[in-house]
Each structure stands twice: as structure tokens, then as C-alpha cells.
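J.: Chain residues, written in single-letter form:
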Amino acid sequence: MAKIVVDVMLKPEILDPQGTAVGAALPRLGFTFAKSVRQGKRFEIEIDGEPTAEQLAQVEKAAETLLANPVIETFTVGVEK
Amino acid sequence: MKVGVVTFPGTLDDRDAARAVRFAGGQAISLWHGDADLHGVDAVILPGGFSYGDYLRCGAISRFAPVMQSIIKRANEGMPLLGICNGFQVLCEAHLLPGALTRNHELHFLCRDQKISIENTTSAWTTAYSQGQEIVIPLKNGEGSFQCDDQTLAVLEKEGRIIARYVGENPNGSRNLIAGITNERGNVVGLMPHPEHAIDTLTGPTADGLGFFTSLLHSMVGK
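From first to last, the protein sequence lines stand for chains F and V.
Take the first sequence: its position 12, counted from the start at 1, is 12 in the working numbering, and no numbers get skipped.
Take the second sequence: its position 171, counted from the start at 1, is 1171 in the working numbering, and no numbers get skipped.
The hints are simulated quantities; they were obtained by calculation from the structure and are not laboratory data.
The C-beta atom is built at its ideal place from N, Cα and C for all residues, glycine as well.
Keep in mind that the hints are not guaranteed to be accurate.
Straight-line distance between alpha carbons at most 35 Å, and here's what the computed DSBU-like set of lysine-lysine pairs gives [said to hold, decoys possible]:
no.: 1; chain 1: V; residue 1: Lys1073; chain 2: F; residue 2: Lys61
no.: 2; chain 1: V; residue 1: Lys1140; chain 2: F; residue 2: Lys11
no.: 3; chain 1: V; residue 1: Lys1140; chain 2: F; residue 2: Lys41
no.: 4; chain 1: F; residue 1: Lys61; chain 2: V; residue 2: Lys1140
no.: 5; chain 1: V; residue 1: Lys1115; chain 2: F; residue 2: Lys11
no.: 6; chain 1: F; residue 1: Lys35; chain 2: V; residue 2: Lys1140
no.: 7; chain 1: F; residue 1: Lys11; chain 2: V; residue 2: Lys1158
no.: 8; chain 1: F; residue 1: Lys41; chain 2: V; residue 2: Lys1073
no.: 9; chain 1: V; residue 1: Lys1073; chain 2: F; residue 2: Lys11
Listed next, with one range per pair, are the computed distances between beta-carbon atoms [as the list claims (entries may be wrong)]:
no.: 10; chain 1: V; residue 1: Asp1200; chain 2: F; residue 2: Thr74; range: 19 to 29 Å
no.: 11; chain 1: F; residue 1: Arg28; chain 2: V; residue 2: Gly1132; range: 36 to 46 Å
no.: 12; chain 1: V; residue 1: Ala1154; chain 2: F; residue 2: Ala57; range: 55 to 65 Å
no.: 13; chain 1: V; residue 1: Pro1066; chain 2: F; residue 2: Ala53; range: 47 to 57 Å
no.: 14; chain 1: V; residue 1: Met1001; chain 2: F; residue 2: Ala24; range: 49 to 59 Å
no.: 15; chain 1: V; residue 1: Val1221; chain 2: F; residue 2: Glu13; range: 37 to 47 Å
no.: 16; chain 1: F; residue 1: Phe31; chain 2: V; residue 2: Phe1050; range: 49 to 59 Å
no.: 17; chain 1: F; residue 1: Thr32; chain 2: V; residue 2: Asp1037; range: 53 to 63 Å
no.: 18; chain 1: F; residue 1: Arg28; chain 2: V; residue 2: Asn1170; range: 23 to 33 Å
no.: 19; chain 1: F; residue 1: Glu64; chain 2: V; residue 2: Gln1133; range: 34 to 44 Å
no.: 20; chain 1: V; residue 1: Thr1152; chain 2: F; residue 2: Gly78; range: 25 to 35 Å
no.: 21; chain 1: V; residue 1: Ala1036; chain 2: F; residue 2: Lys35; range: 24 to 34 Å
Counterexamples of contact, computed for chain V against chain F with all Cβ distances above 10 Å [stated by the list, open to error]:
no.: 22; residue: Gly1010
no.: 23; residue: His1033
no.: 24; residue: Gly1099
no.: 25; residue: Lys1140
no.: 26; residue: Pro1205
Hey, can you work out the whole structure from these sequences and the hints?
T.: This is the structure:
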């Protein structure tokens, strides 16, 4: 069994109020390392066996159609064992 | 004149939208998200709410509902279509309108009476207003910040496709104070504030919103 992971992030030019709020909360807790924070989404898709090139192409298509909105977001597709 | 009002799971404002249609002199027809049949309607309203719990992104799942496939087809043929709040989000997700609605810049859910100015009086839904007319209708949303790339924004401005702008302080971070936009043809309008909650002073802050619904009826009678 393998896991296909789709990571979705807002495009850099799109304002991310949630990431900004998290970035502002960190130093209040003593965590002073962050220059900036962006918040995204992660989808973990389990499949039987190793993913085929065709399955990965389908996941790309699904990410572009539903999981991400290409107007405001970018995504990456990866595989985890 | 039959105006369809769509109910998705999680829609809240379908009853007020139907009431606004009747108030303006039209016949409101309830459309169910799972039924692709539009029951002979002449126009459609996608009302506000939290369809599919706003899961994934607001409007992202609703946009694939069976009823939406028929609506998208008819809208591309010129049928008047108004999306209010969550309905606006659905229209952007369905690519009937450009851009996207994102989280309000200060993260708070807003609920207040909002002054907007009407900037386009030629769309199917705004002929009852005069250019630059300022009206007050409720604004209530968590993800109402209109975003698009610079090129899209320039096209919207140049072609006069901004339907309305917020007056005063920017409530949610929308680019160029955009409260509503239309498509090239002017039949599809997306609006973040709620005209259907302001059709008479008994139940709303003003009756300023009624013009969206009377505009539709007038534009249809003229055809």
C-alpha cells in the first residue's frame, strides 16, 4: 500500500490571513524563529500497491479540478511509502 | 416569470431569496441540488449559506452538483444567474466568474449593514439602479475577500464589469473594494452582500436590495 500526498498552498501573491495570524502568535509564545508563516492543506490518498503513472496523472487531474483552485492555489503531488 | 432558487445542503438564504423574487412580482421555483432539471425557469439565484459546510473551499463541492451542470450550460447560453455570498463563491469555483473569494483579511466573520455603490447598471440584475447610487444592504461572510490576478482586475475595471464596490473602509480585503462582478455578457452576477435581506423595511435595514430582483423582471419583460 502506498500513500499519494497532495499539498496545496495559496499562491505567494494571495494574502494568507490565517498564516499571518499563526505567524503573529508564535513570538507571543516565545518562538522567535519565524520570518513568515503560510498555511496550506494536505491530502493523503491511500491506494493499493504502488502507484502507476496513470494513477498519478489522475491524481494530478483531480488536484487541478477539485482539491486545489488554480486561480488562487498551487499544488504538488508526491508519493509516500 | 419563473426564477429558480437553488437549495444545496447547508444553504441558508433560499427562503429570503424566494421571498424577494415574489416581492418583485416573479414566481419563485425551488430547485434541489441533486436534480438536474431546471423546471422551466427563466433565471436562477444561488443563495447564501454554507453549502456542503464550506468543506474544502467555499463552493468547491457545490459547483459539481447535478443542478449546477444544467445551470452552467444555461448561463453560458445567456440565462440570468445571480449568486449571492456563497452563491458568488460557487460561481467563481464554477469559472462562470473570474477570481476567487478568500478569508476576510482580519479573519473575523462580518455581519453588518454595509454601504455599497452600484457601478454597473447594465447587467441583467442592476438596471433598476443609477450609476454610482449608494445603497445599504447586509453583509455577512467569513470568506468575502475578492482576489484575482492583476491582469484580470484590469480587464474587469476596463470593461465596466465591477457591479458594486464597498463604500468607506474595506470590510474584508477585497481588491479594489469589489463587492460584486459580472461576466462579459452581463447575465451572470456575483455579489457578496445580501440584497434579498433588504427588500422591505419591516424585515431589513432598507428596501434598497429589491432593485436587483425588479431589474431581472424588467430585463426579461423587454425580451
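J.: Taking the hints in turn, state whether each one holds.
T.: Hints versus structure:
1. Lys1073/V with Lys61/F: Given that 35 Å is the threshold and the Cα spacing comes to 22 Å, the pair holds.
2. Lys1140/V with Lys11/F: Distance ~26 Å between Lys1140/V and Lys11/F Cα, so the pair holds.
3. Lys1140/V with Lys41/F: Satisfied, since the Cα-Cα distance of roughly 25 Å is no more than 35 Å.
4. Lys61/F with Lys1140/V: Within the cut-off at roughly 34 Å; holds.
5. Lys1115/V with Lys11/F: This hinted pair holds, its Cα atoms lying about 31 Å apart.
6. Lys35/F with Lys1140/V: holds (33 Å)
7. Lys11/F with Lys1158/V: The hint holds at about 25 Å.
8. Lys41/F with Lys1073/V: Cα-Cα ~31 Å, so holds.
9. Lys1073/V with Lys11/F: holds (30 Å)
10. Asp1200/V with Thr74/F: 19 to 29 Å: Given about 46 Å between the Cβ atoms, the range is violated.
11. Arg28/F with Gly1132/V: 36 to 46 Å: holds (45 Å)
12. Ala1154/V with Ala57/F: 55 to 65 Å: Violated - the Cβ-Cβ distance for Ala1154/V and Ala57/F, about 35 Å, lies outside 55 to 65 Å.
13. Pro1066/V with Ala53/F: 47 to 57 Å: violated (32 Å)
14. Met1001/V with Ala24/F: 49 to 59 Å: Holds - the Cβ-Cβ distance for Met1001/V and Ala24/F, about 51 Å, lies within 49 to 59 Å.
15. Val1221/V with Glu13/F: 37 to 47 Å: holds (44 Å)
16. Phe31/F with Phe1050/V: 49 to 59 Å: Violated, at about 33 Å.
17. Thr32/F with Asp1037/V: 53 to 63 Å: Check passed, 59 Å falls within 53 to 63 Å.
18. Arg28/F with Asn1170/V: 23 to 33 Å: With a Cβ separation near 26 Å, Arg28/F and Asn1170/V satisfy 23 to 33 Å, so the hint holds.
19. Glu64/F with Gln1133/V: 34 to 44 Å: holds (41 Å)
20. Thr1152/V with Gly78/F: 25 to 35 Å: Between Thr1152/V and Gly78/F, where Cβ atoms are some 30 Å apart, the hint holds.
21. Ala1036/V with Lys35/F: 24 to 34 Å: Cβ of Ala1036/V to Cβ of Lys35/F: about 50 Å, so the range 24 to 34 Å is violated.
22. Gly1010: holds (18 Å)
23. His1033: holds (16 Å)
24. Gly1099: The assertion about Gly1099/V is violated, with a minimum of 6 Å to chain F.
25. Lys1140: holds (18 Å)
26. Pro1205: Holds: least Cβ distance 27 Å, greater than 10 Å.
Violated hints, listed in ascending order, are 10, 12, 13, 16, 21, 24; each of the other numbered hints is respected by the structure.
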